[in-house]
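> Protein chains in written order, with numbering that gives the first Met the number 0: chain P, 0 to 180; chain R, 0 to 394.
To be clear, the hints were calculated from the coordinates, so they are not data collected in a lab. Any given hint might turn out to be false.
[As the list claims (entries may be wrong)] The following residues of chain R were derived to be distant from chain P, with all beta-carbon distances above 12 angstroms: (1) 18; (2) 34; (3) 277.
[Unchecked claim] Which bits of chain P does chain R cover? Going by a derived footprint, with three or more residues having C-beta under 8 angstroms, they are: (4) 100 to 112; (5) 124 to 136.
Quantities reported herein were computed from a predicted structural model and do not represent experimental measurements. Yeah, the Cβ is synthetic: ideal placement off N, Cα and C, and Gly gets one too.
Now for the letters of each chain:
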Amino acid sequence: MLARHIKPMAFQARRLYVEAMFQVMGQALQAVSEIDSDVQGEARSLPEGFLFEMMVMPDGPRLIIEHLGNGALRFHGSTAPRDPDLSIQFKHIAHAFLVLSFQEKTSVAFANDRMLVDGDLGYAIRITRILNRLEAFILPRLVASRAVKEYPRDLNLPKKVIGAARIYLKVANQFVDTVRA
Amino acid sequence: MSNKYYEFFCPVKVIAGKAALEHIPYELTGLAARRPMIITDKGVRAAGLLDPVISACEESGLEIVSIYDDVPPDSSTGVVRAIAEVYRSEKCDSIIAVGGGSAIDTAKAVNILVSEGGDDISKYVGAGVLKRPLKPFFVVPTTAGTGSEVTAVAVIADLEKSVKLPFSSSFLLPNAAIIDPRMTLTLPPHITAATAMDAMTHATEAFTCMAKNPLSDAYATSAIKKISTFLLPVMENPKDADARLELAQASTMAGIAFSNSMVGLVHALGHATGAICHLPHGMCMSLFLPYVLEYNLETIREPLGELLLYLDGPEVYATTPASRRAEASISAIRRLRDALYKHCKLPRTLKETGKVEADQLDRIAALALDDGSIMFNPKEVTLEDARAVLQRAWA
Numbered sequence: 000m001l002a003r004h005i006k007p008m009a010f011q012a013r014r015l016y017v018e019a020m021f022q023v024m025g026q027a028l029q030a031v032s033e034i035d036s037d038v039q040g041e042a043r044s045l046p047e048g049f050l051f052e053m054m055v056m057p058d059g060p061r062l063i064i065e066h067l068g069n070g071a072l073r074f075h076g077s078t079a080p081r082d083p084d085l086s087i088q089f090k091h092i093a094h095a096f097l098v099l100s101f102q103e104k105t106s107v108a109f110a111n112d113r114m115l116v117d118g119d120l121g122y123a124i125r126i127t128r129i130l131n132r133l134e135a136f137i138l139p140r141l142v143a144s145r146a147v148k149e150y151p152r153d154l155n156l157p158k159k160v161i162g163a164a165r166i167y168l169k170v171a172n173q174f175v176d177t178v179r180a
Numbered sequence: 000m001s002n003k004y005y006e007f008f009c010p011v012k013v014i015a016g017k018a019a020l021e022h023i024p025y026e027l028t029g030l031a032a033r034r035p036m037i038i039t040d041k042g043v044r045a046a047g048l049l050d051p052v053i054s055a056c057e058e059s060g061l062e063i064v065s066i067y068d069d070v071p072p073d074s075s076t077g078v079v080r081a082i083a084e085v086y087r088s089e090k091c092d093s094i095i096a097v098g099g100g101s102a103i104d105t106a107k108a109v110n111i112l113v114s115e116g117g118d119d120i121s122k123y124v125g126a127g128v129l130k131r132p133l134k135p136f137f138v139v140p141t142t143a144g145t146g147s148e149v150t151a152v153a154v155i156a157d158l159e160k161s162v163k164l165p166f167s168s169s170f171l172l173p174n175a176a177i178i179d180p181r182m183t184l185t186l187p188p189h190i191t192a193a194t195a196m197d198a199m200t201h202a203t204e205a206f207t208c209m210a211k212n213p214l215s216d217a218y219a220t221s222a223i224k225k226i227s228t229f230l231l232p233v234m235e236n237p238k239d240a241d242a243r244l245e246l247a248q249a250s251t252m253a254g255i256a257f258s259n260s261m262v263g264l265v266h267a268l269g270h271a272t273g274a275i276c277h278l279p280h281g282m283c284m285s286l287f288l289p290y291v292l293e294y295n296l297e298t299i300r301e302p303l304g305e306l307l308l309y310l311d312g313p314e315v316y317a318t319t320p321a322s323r324r325a326e327a328s329i330s331a332i333r334r335l336r337d338a339l340y341k342h343c344k345l346p347r348t349l350k351e352t353g354k355v356e357a358d359q360l361d362r363i364a365a366l367a368l369d370d371g372s373i374m375f376n377p378k379e380v381t382l383e384d385a386r387a388v389l390q391r392a393w394a
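Required output: the full structure, derived from the provided sequences and hints.
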């Protein structure tokens, strides 16, 4: 009896977690593109106005990011102003949860066929590298090592701590701005 | 290294061995097809490779309604559209692709148009766009390397927009792949060597990259064993039909392996080098394989060490300490390449190709980083890493 009630709650919690993580990641992607030259370098090769979506199939949580130009990214929340140029789609909310709770690396999720790419594969590879760079910045090294294929060799402790602090500060400001708006 | 989750799919009927071509009429009629079209290239036709296919069909009262033999090495949307028009005007009901990667990819794309309708192949770009089976489609490979007869992808160039259009769907897979030793018997030595090394790379990367799984491992190791055993005998005696068949089967097996577990940095570098310097794909694979294995070594030590059994046989495997087997596997591949260089001057370095300039390496490295295969390489590749591998492969 109890199990019958707990299971839907667990599903709901998992969905809420994925939605929340998409929000945090979206804000953090915008922030990291403002402070890290590596991310800016990767993003710069995306066309200006390029719209990228990460979502859960068939109509689950999503995050929308736009490349404004010159390596700057902008988080659009979960609503795209037009059809995205690139969509990375998790086949199921359970697969998104595995990746966003750092139980499965993004690259492993691709290898395990958990995700589909609709759009230019080369751009998807770049976006994945940007996501990896972000995770390496904002997660403790032990957790980040579980999330990315290889922890970046150039990311030493001072650089990571300062970078993470700036990203978290920007994310907090963006959340405050969103709430005020 | 091996993942706890995997997917494996290969519904292609493999018809292999002596007089395999003679099974085509029976297989076609089994799918209610009576009016096949052959898609091939001029080289295949000039080599007389269509003759046994046509006579096998005619002997069974099956007429080949149309033959399109003008597929270029890098096929385009225009070619696909032109072939689809011929198919429709001749009221064909099935396709037989006879050739290498380009003819097979072209035939896959033609099958989309003639099954789904329309003239614009770009509407079907991407993964999962096709939702239903296509027309009966058979593939007769004439090289032993690409494995295209068992892959669910096709790449066609859009010359107007200067982009390559990728198509991916399980419906692109042929109903049957016909592996007949007559088809590869006259393959020139340097193409035999390059395409076999392409298959060797498919199998080796399938076995050592991130999406490896027990089923693709079985195909990969079997393919490596066949190539290691039969490639040099074929180079010595190109008319050895039995050894040719072994290589052709190895190519198909390697194709099944890599289409289910993907490939890695060798392919990323090879695609980039091919795009910039116009080197043949098989040559690039042969050239980069040992350098990439050395680069990935510490991440793939265990599976690469296992491959020694299939590369050099049980005696060498047993007498090599476990800690040295991975290096011994690389040495075995290097020895094979040296032997091929001796036989047909298959280049071992970028410099030996005579078609690559040192100042192109940075562009190749940058392009390789955006290649889809790099996602499945076991080691995270940076621009500096790619440059370093290219420098090692230079001379």
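> Can you give the numbers of the hints that this structure goes against, from lowest to highest?
Structure breaks no hint.
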